[in-house]
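Participant: Listed below, chain by chain, are the residues.
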Amino acid sequence: MALLTDVRLLAGALRAARTPLTAALALLLVLGALLPPASAVAMAHLVGRIQTAVPTDAPLSVMALPLLAFVLVLLLGHVVDTVAAPLAFLATARVDGAHRARVAGLAAAGTTIAPLEDPQVRALIRASRADPENWTEHTPGAGAVAGLRLAASLIGVAGACLVLARYAGWLVPALLLPALVNGVIRQREAATGIATWRAGTVDGARNQRWQHAATSPAEGKDIRVYDLGDWLTARIQRHALAMDAPVWASLTRAMPREAGQLLLVGVPLVAGYAVVAAGAAGAGADRVVAATAVLASSVAIFQALGWSEDLRVAVSAAGCLRATVDLADRLPAPAQHAPAPTADPDSTGTARHGTAPANGVDGTARAGQPVRRAGPALVRFEQVSFRYPGIGRPVLDRLDLEIRPGELLAVVGLNGAGKSTLIKLLAGLYEPDEGRITADGVDVATLGATAWRRRLAIVFQDFVRYHLPARDNVVLGRGDLPPDPAALAAAATDAGLAPVLERLPAGWDTPLARTATGGVDLSGGQWQQVVLARAHYAVRMGADLLVLDEPTAHLDVRTEFEVFHRLAANRGGASVVLISHRLSTVRQADRIVLLDGGRITESGDHDELIALGGRYADLFAIQARRFAADAQAAPPGEPPEGPPADPPAGSATRTAPGPAAAGVPTGGGHG
Amino acid sequence: MSGHPPAGDARTAAHPTHRYRRYLLLWVDLLVLSWRRAPVLTAMQFVIPAGMAATVVGGALALRVAVDAMIRGDVGSAVAGAAGAGVAGAAGIVLGALDSHTAGILIGKVAVLDLNPRIHRDITTLDGLEHLERTDVADRLTLVRNAGWEIVLSLWSANGVLFAVLELTVMLLLLGTVNPWLLWLLAFAAVPLWFDQRGNNAIIRADLATAEPFRRQRHLFDLATDPAGGKEIRVAGAGAAVARRQAAAWDEAMRVRFRAHLVAAGWRTAGWLLFTAGFGAALALVVYQAARGTGSAGDLVLAVTVAAALRQSVHTGVRYTTNVAAAGRVIEPYLWLRDYVRAERERADGSAPAPQRLRHGITFEGVGYHYPGATGPALAEVSVHLPAGAVVALVGEYGSGKTTLVKLLGKMYRPDSGRILVDGVPLDEVATRPWRARISATFQDFGRFPTRFGENVGLGDLPRIEDRGRITAAVREVDATGLVDRLPDGLDTELDAAFGGVDLSEGQWQKTALARAAMRPAPLLFLLDEPTASLDAPSEQEIFDRQMERSRRAAARTHAVTVIVSHRFSTVTGADLILTLHRGRLVEVGTHQELLAVPGGRYATLYRIQAEAYAREGRRAAALPDGPGPDGAEPGSHVPGD
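Going line by line, the protein sequences match chains A and H. Going by my numbering, the first sequence opens with residue 1, and the numbers climb by one from there. Going by my numbering, the second sequence opens with residue 1, and the numbers climb by one from there.
It should be emphasised that the hints constitute simulated quantities derived from the structure, not laboratory data. Beta carbons: idealized from backbone N, C-alpha and C, even for Gly. Don't take each hint at face value.
[Unchecked claim] Partial chain H-side listing against chain A, Cβ under 7 Å, derived:
#: 1; residue: A78
#: 2; residue: R145
#: 3; residue: P450
[Said to hold, decoys possible] Have a look at the derived ranges for each label pair, beta carbon to beta carbon:
#: 4; chain 1: H; residue 1: T169; chain 2: A; residue 2: L177; range: 35 to 41 Å
#: 5; chain 1: H; residue 1: A190; chain 2: A; residue 2: D509; range: 46 to 52 Å
#: 6; chain 1: A; residue 1: A218; chain 2: H; residue 2: V384; range: 25 to 31 Å
#: 7; chain 1: A; residue 1: Q383; chain 2: H; residue 2: D503; range: 23 to 29 Å
#: 8; chain 1: A; residue 1: L68; chain 2: H; residue 2: S100; range: 36 to 42 Å
#: 9; chain 1: H; residue 1: V165; chain 2: A; residue 2: R18; range: 38 to 44 Å
#: 10; chain 1: A; residue 1: A218; chain 2: H; residue 2: A187; range: 55 to 61 Å
#: 11; chain 1: A; residue 1: T493; chain 2: H; residue 2: A270; range: 58 to 64 Å
#: 12; chain 1: H; residue 1: L208; chain 2: A; residue 2: A218; range: 27 to 33 Å
#: 13; chain 1: A; residue 1: D440; chain 2: H; residue 2: D503; range: 32 to 38 Å
Just chain A, with the same shape it has in the complex (with noise of 0.2 Å):
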């Protein structure tokens, strides 16, 4: 039953609160909703006392304690009150605080990135993640809270009815069971509304993303040259109205069932309240003190069943819970075969720094220092086969490919080729259809994800900004061993990434957000720089195959220069992957491959490749045509020289010979 599984999931979300707390503030919230019918009582009292005395001239004295009682009540209720708020928002702080880490944690497990890529589990991303946007979102924590509130609410109605009987026993059902079928008619309609509000989430989603495309430079500059203000302004306004319209009807709709509740409570009030008075007047100080207390205390009944704010709280949060347990569902446990996890899966700053295992990772590897191992390896594509889901031709297609010990290799193809893919499907990112990858011979599944990609580093085209330190920026390279303060001084150098470090205020401790305090927003170039030091780290730190995705698309052709006569320098004994479409840079590689209709089509070195005069010799052509063009017409300035970039040279082989030369354009301008 829907009701029972929302009560377990938000029972089980307090767990997190931990067991003294939950009780403490159970007990605080119980002891405050069974105050106001004490304190109905203790004024009964009074009034029983009052009514006697009077006419007996009995000495105030008899009045001082049952007066004394009620202000005790009364300052009780007072204190509970203002004691269980700090309780109550420290149980939603931990709640909360356990769930993000929970759902971050589902969310980092499983070694591949296909099951984040699903639109399912990115919906359900957005639907747990306790973080809420608008006022229909509500956080476990809040949800928790509200549903021990509203327990103790219940207890609170048990305690109301026990003033009702001390009257007479008929009082309980007569009250009790409209106030009941109101309560239900209540809860009904706060999981209708709430339901209208869910389905909204789609285009409450989209509405801020429109909203962020308002603020944004990038769209901004496309929003003024094509006059786009009003329309965008109107698409929002859609989104917003799919979103909220419905929420307004059914808030529309339900006013007249509220006003309905009039009967519901109002009939069985005052009926009973008058029969109550009638049957109490001048019938004695008993019956008159017990009649008292029950026109005191009846309404809370009905208050406590009735609509509250924390019962749209409570179901709204579980809302989240349930979108929690799907997620759960569709992504994989963390860590299937790892041995005894040493993680601590909710680590909250206490773990073992560094020598844990990657959070989820797959964590076959050993935990511990750097590896040192003989050198680089020799990796393999066999055979590979992969498509994403849904698109029907496969990205590759039995894939052959060779990444050589030490070698600097540069992967060339034409947008959408697939380069990237291969790139993921390197690092595990992926798992191949068909095919497998290997590292001196060994299938790199069966090494543990862990294990081999500590000997990757990889710059992605849309690499990380952490809006932490410098410092972090630079060691989460390799995040899985304990910062190593000489790598990173290595790495800094090796990236020359010294310029950038002088002008931060604080040096490594500088947040790169300026969001933070202290902290600065750094240009494209300046985070590239940043990045290429992470990836110089992760080498420092035992990577020896460094892969690059276009690291220079947008450096201006002296900063590419340096970038990549750095890298050649210092990548130590390392094999290098650089992806580009600069061929200038591409032609300085050891070997170079050609990646087209899913396979690799050409391999060899700039020289092999233009004499084979295939695909390569196109492109390279294409982009030389200019300069080969006024080669003549140029005055003979004289030719730069200077220390070449010096990898070691391979032995480069064509591996597949490309198709037939296709009219190679040779020089000459167009146009």
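Since the structure of chain A is already known, use the hints to place chain H on it.
Facilitator: Chain H only, in chain A's frame:
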């Protein structure tokens, strides 16, 4: 010509009394807006709270009647009083529910239908770009862009404070009817109100003080759950380290906030202790009166009922006050935005029409521009004539001012000094919208709109956003037909990966942006800022060949000017005119051949680096020639200079 509009600091701008006046004016404005949008719902925001106050007071009075009558044995009055109390109780419950519903609808409607569109239109239709690029201002926009709800809520929170105070006063006056001495409770009621407020302020301060770690844990959570960040985090084995930092940031924020909640609880307890002491004394007085026969047991019931309701009123009042105070977070930037927009719009837009065709060309006269907050000028004293019909290439190192020059042509900024003339008419005097309507532009960081592919392209010419034929032609124009063929739903393919769309690569996005720029039929000015940085060689070639054709065609028809920024000399050499920029200054102007002939010239040096890299035999390329290194001084770069 004044360079930058006022962008005063919203946090320190207003003196308290001045601020309250501004808030009051805002609320009056919102009240008018609400009334126009939904008069009935607006009226209900006053009727319902008044009704709720009446049920509390009426219920207390009815109970007094009932208890006194019961003691007297007056059945009629007892029944009437009890029934009255029942009605009041039920009405209180119903009004509470209606209050929440009507407020929800009203606030939502005014926010979604009136206020948010106003904010979004202001942000997106300001001529300039500065408000989006300055990080300090961008923070405010991020706050305000979704703040309509919170801002409207603040009006009704203020209203709620008003009614809570009203209710408190009425209730205490009621007690005064029992014994005038009880009016002293008014003073005692102020104590918890004031202490509660102090406690709440401590919480608000703690929330602000911990905004940074809170933002950090959110950032790290988003990274860990996003596929893009997930890739790198997995490869680097950084999952545990990121999780640890996320948890630590959360704990840091919550520790401070919990402490503030404890402090608040302390204040509250103290406040209620004092109040209860006073109230206890008051009750003793009432009991004494009743026992002596000058009062009644009903008075006691009345006093007690009022006391219980009192706490509720104080809570409500404090909660609404907190809402109002918290809304300052978004109200301040909202008021700032209004002022900023007003100031911007007052700088009269030009009224001259955009020319049908260029006769003479575009002339820069001593143009300079300085990014707010930057250490040096982005452009200084640029004087050059771009002849009508010319293809002009901009060359220079990273941060040399190329993009700034392009943006000035698009009227994204106003020059700080000098002026730009279009056929002799200052660009400032040309109306912005018609001018931009004649521009086709692709920027380095172009827009990626979270929608379908076809719409992403069609946005380049809004009237024809549904014209599939035109969109297909634009796609063909930029050699992207193959890209569309491979998309699962062709033009209708969703591009927002978060909603099941296809994740385009950098190069594919670039083609999308280029197609968008190809939508407009007869541009007078083509702006291309690094349009092909991520494209493969054949695409780049194809796109440039076609762009040249387009440019030449347009030049023949309307003498259109084309401005291209590129690092790739293979695309620069064919230009009619090449401008070399260095550190914001124009250092060389000429044709390719002319600039190559400049001994030790900057263009010649940069060109030869590349030419060598392509031309030399063998795979070893030239090393870096000597020369000044690149220096970055672009917008968004706020690293303090030396």
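Participant: Decide, hint by hint, whether the structure agrees.
Facilitator: Status of the hints after comparison with the structure:
Taken as an interface hint, H/A78 checks out: its beta carbon lies about 4 Å from the nearest beta carbon of chain A, inside 7 Å. A hinted interface residue such as H/R145 counts as satisfied when its beta carbon comes closer than 7 Å to some beta carbon of chain A; here the least separation is about 5 Å, so the hint holds. This hint holds: H/P450 has a C-beta 4 Å from the nearest C-beta of chain A, less than the 7 Å allowed. The given range of 35 to 41 Å is respected by H/T169 and A/L177, whose C-beta atoms sit roughly 39 Å from each other.
Between H/A190 and A/D509 the Cβ separation comes to about 48 Å, which falls inside the hinted range of 46 to 52 Å. Between A/A218 and H/V384, the C-beta spacing of about 28 Å keeps the proposed range 25 to 31 Å intact. In this structure, A/Q383 and H/D503 meet the distance hint of 23 to 29 Å, their C-beta atoms being roughly 26 Å apart. A/L68 and H/S100 have their C-beta atoms about 39 Å apart, which keeps the hinted 36 to 42 Å range intact.
Taking 38 to 44 Å as the suggested C-beta distance range, the pair H/V165 and A/R18 conforms, at roughly 41 Å. In this structure the hint that A/A218 and H/A187 lie 55 to 61 Å apart at CB holds, the actual value being about 59 Å. Checking the proposed 58 to 64 Å range against A/T493 and H/A270 shows it holds: the Cβ atoms sit about 60 Å from each other. Taken as a hint, the range 27 to 33 Å holds for the pair H/L208 and A/A218, whose Cβ atoms sit roughly 30 Å apart.
Between A/D440 and H/D503 the beta carbons are some 33 Å apart, a value that agrees with the proposed interval 32 to 38 Å.
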